[in-house]
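When we follow our numbering, the leftmost residue of the sequence shown carries the number 1, and every step to the right adds one.
One or more of the hints may lead you astray.
What follows is a list of derived Cβ distance ranges for each label pair [said to hold, decoys possible]:
no. : residue 1 : residue 2 : range
1   : Q468      : N279      : 46 to 52 Å
2   : D518      : P321      : 44 to 50 Å
3   : P242      : D179      : 41 to 47 Å
4   : R127      : I105      : 22 to 28 Å
5   : R127      : N183      : 19 to 25 Å
6   : P169      : N279      : 31 to 37 Å
7   : D364      : K250      : 38 to 44 Å
8   : P242      : E167      : 35 to 41 Å
9   : P552      : N183      : 39 to 45 Å
10  : D179      : D512      : 39 to 45 Å
11  : T168      : E132      : 17 to 23 Å
12  : K203      : M45       : 40 to 46 Å
13  : K166      : I105      : 31 to 37 Å
Just so you know, the hints here were simulated from the structure itself, not pulled from any lab data.
Since this is a predicted model, take the numbers as computed values, not measurements.
Ideal Cβ positions, reconstructed from N, Cα and C, are used throughout, including at glycine.
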Amino acid sequence: MSNQDPDLILHRGLFTTLDRSNPAATAVAIKDGLFTAVGHVGDVMKLAGSSTKIVDLKGRRVLPGLIDNHLHIIRGGLNFNMELRWDGVWSLADAMAMLRKQVAITPPPQWVRVVGGFTEHQFAEKRLPTIEELNAVAPDTPVFILHLYDRAMLNAAALRVIGYTKETPEPPGGEIVRDAQGNPTGLLLAKPNASILYATLAKGPKLPFEYQVNSTRHFMRELNRLGVTGAIDAGGGFQNYPEDYAVIQKLSDEGQLTVRLAYNLFTQKPKGEKQDFLNWTKSSKYKQGTDYFRHNGAGEMLVFSAADFEDFRVPRPDMPPEMEGELEDVVRILAQNKWPWRLHATYDETISRALDVFEKVNQDTPLDGLHWFFDHAETISDQSIDRIAALGGGIAVQHRMAYQGEYFVERYGLGAAEATPPVRKIMDKGVKISAGTDATRVASYNPWVSLAWLVTGMTVGGLRIYPQRNCLDRETALRMWTENVTWFSKEEGKKGRIQVGQLADLVVPDRDFFSCADNEIADITSDLTVVGGRVVYGTGEFRALDDTAPPPAMPDWSPVRSFGGYGSWVEQDGKAKAVRASAMQMCGCATACAVHGHDHARAWSGGLPVSDFKSFWGALGCACWAV
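The whole structure should be built from the sequences, with the hints applied where relevant.
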């Protein structure tokens with residue numbers, strides 16, 4: 001036996017390497033967490049030694065492991081075991097049945113919470129539950145439901161334990177909806193920011209530390225089930241550094257991370273941002289850590305005065321006049337310390353003002369090589385793209401429009417939605433760009449939903465918002481989720497491709513990404529996920545290779561035990577493949593449209609030069625507007 005023998009050989013596969021000098025292979029060898037051979041079966045199999053584990057892929061497609069450019073994985077992990085996920089559930093009836101089952105097993109004083117990852121447009125009924133329906137299902141158990149970043153719904157029991165009453169004052173930037181007598185109804189609205197939604201959620205019970213460790217392992221396992229092998233964590237509200245990083249640090253120290261993680265530091269206190277970054281640049285070192293857990297700079301919140309939350313159901317918020325001064329104070333600290341940053345920015349009006357600041361700082365402290373970038377950028381202009389290119393920055397896009405496209409179209413029109421964000425144009429201008437989810441609240445963590453959005457231009461509700469010119473072919477979309485992301489964590493050449501010398505991260509999807517139907521892309525899961533040459537998820541014929549499963553979800557009433565994550569896959573015995581096409585054709589409205597039947601998505605997506613598509617149809621006597 002030679003100590004040069006590969007640890008693992010995977011052979012007889014269709015490897016999409018994304019290495020342009022070696023684009024296809026049929027076998028790989030892995031040693032010490034790296035690809036050591038990528039080529040033909042005959043050549044690679046000659047390398048096998050007596051200790052090499054050999055896996056026959058029997059002609060299956062193999063892709064590089066997927067990397068999410070914007071995932072709130074640390075916060076999501078701390079809470080995953082407490083959350084009932086409606087991600088990938090295609091009818092409100094099914095969602096409410098799940099809620100009813102969870103209420104029945106949730107002990108007091110615990111809450112049942114559905115915290116984002118879904119949109120009402122994914123449901124066949126095209127609506128959210130009513131407060132009355134929540135009260136009927138859960139008369140005594142507090143229920144909290146977060147819908148995107150626009151609203152939260154609380155049943156009467158939740159209102160009681162939180163203490164919202166007639167005397168509760170209106171929160172800044174939000175609304176507690178009240179009845180005619182002034183009593184809270186249970187509906188909370190973001191107007192325009194989500195602070196009231198987060199602050200209310202933060203009042204709920206938390207898991208003890210050892211349960212948070214278990215919860216984070218289950219969240220990573222769920223990501224591995226979907227082919228995710230890496231992510232850049234974007235911090236989050238109520239996620240304090242370093243105390244809320246203790247769980248992920250423990251897992252890193254013990255070698256139990258199954259998703260590679262680069263984390264950005266997110267300021268927590270309005271008007272205290274400058275001090276946060278002064279402290280952090282002294283106590284933390286950029287890039288400190290390992291290939292599994294390392295520091296990635298600042299953001300996505302740099303200063304609260306620059307945060308333009310993406311609630312398309314309300315008008316675009318104007319950032320306050322103090323934005324530039326506060327942002328400059330922070331960016332100067334970061335640039336002087338050679339820390340890259342990411343900045344949440346939905347609208348071009350915010351981006352252009354931030355660029356004024358970046359250009360000013362660049363005159364004194366050049367930003368060359370810093371790998372800073374904007375997140376989201378749904379309405380970015382050509383001019384702003386050019387300015388980012390000139391400064392050497394990047395743009396990280398996420399599939400928030402797959403969940404909010406209908407609201408954007410309703411407010412701004414189909415024409416305005418055609419390039420939100422203008423992915424193809426950003427690419428053509430040579431700006432660094434990659435893709436992710438912004439999960440777990442504003443969208444689902446399922447990477448295949450994002451890939452389907454990039455390829456088809458459709459929302460999860462079935463509305464085609466992008467013309468073909470702003471959609472991507474499947475290989476380009478895959479690069480957005482693999483090698484492109486590495487620039488954003490300054491790891492180019494280290495991962496993102498199946499290539500000799502790169503980290504051995506790969507996924508064998510349950511169907512061929514390159515040949516399955518468009519409407520099947522979002523339903524893909526992984527049959528085999530490998531991180532650093534280690535099998536971190538295996539099912540079906542690969543189940544015997546997987547010995548990394550965490551203990552059962554804690555506590556014993558955890559929704560994860562009953563339902564799993566995306567698509568309620570545990571309840572469906574692992575075979576939940578959504579009847580997506582039929583769900584898109586269904587509708588819960590009372591009457592069919594005389595013109596389009598119940599196919600409202602098709603009607604709404606007609607290429608009409610109007611600013612308000614629903615009113616336009618209504619003016620023609622079409623009932624699609626009324627849904």
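Status of each hint after checking the structure:
1. Q468 x N279: 46 to 52 Å: 49 Å, holds
2. D518 x P321: 44 to 50 Å: 46 Å, holds
3. P242 x D179: 41 to 47 Å: Hint holds: Cβ distance 44 Å, inside 41 to 47 Å.
4. R127 x I105: 22 to 28 Å: 26 Å, holds
5. R127 x N183: 19 to 25 Å: At 24 Å between Cβs, range holds.
6. P169 x N279: 31 to 37 Å: Given range 31 to 37 Å: holds, Cβ gap about 32 Å.
7. D364 x K250: 38 to 44 Å: For K250 against D364, whose Cβ atoms are near 41 Å apart, the range 38 to 44 Å holds.
8. P242 x E167: 35 to 41 Å: At roughly 38 Å between Cβ atoms, E167 and P242 fall inside 35 to 41 Å, so the hint holds.
9. P552 x N183: 39 to 45 Å: 41 Å, holds
10. D179 x D512: 39 to 45 Å: 54 Å, violated
11. T168 x E132: 17 to 23 Å: 21 Å, holds
12. K203 x M45: 40 to 46 Å: 59 Å, violated
13. K166 x I105: 31 to 37 Å: 33 Å, holds
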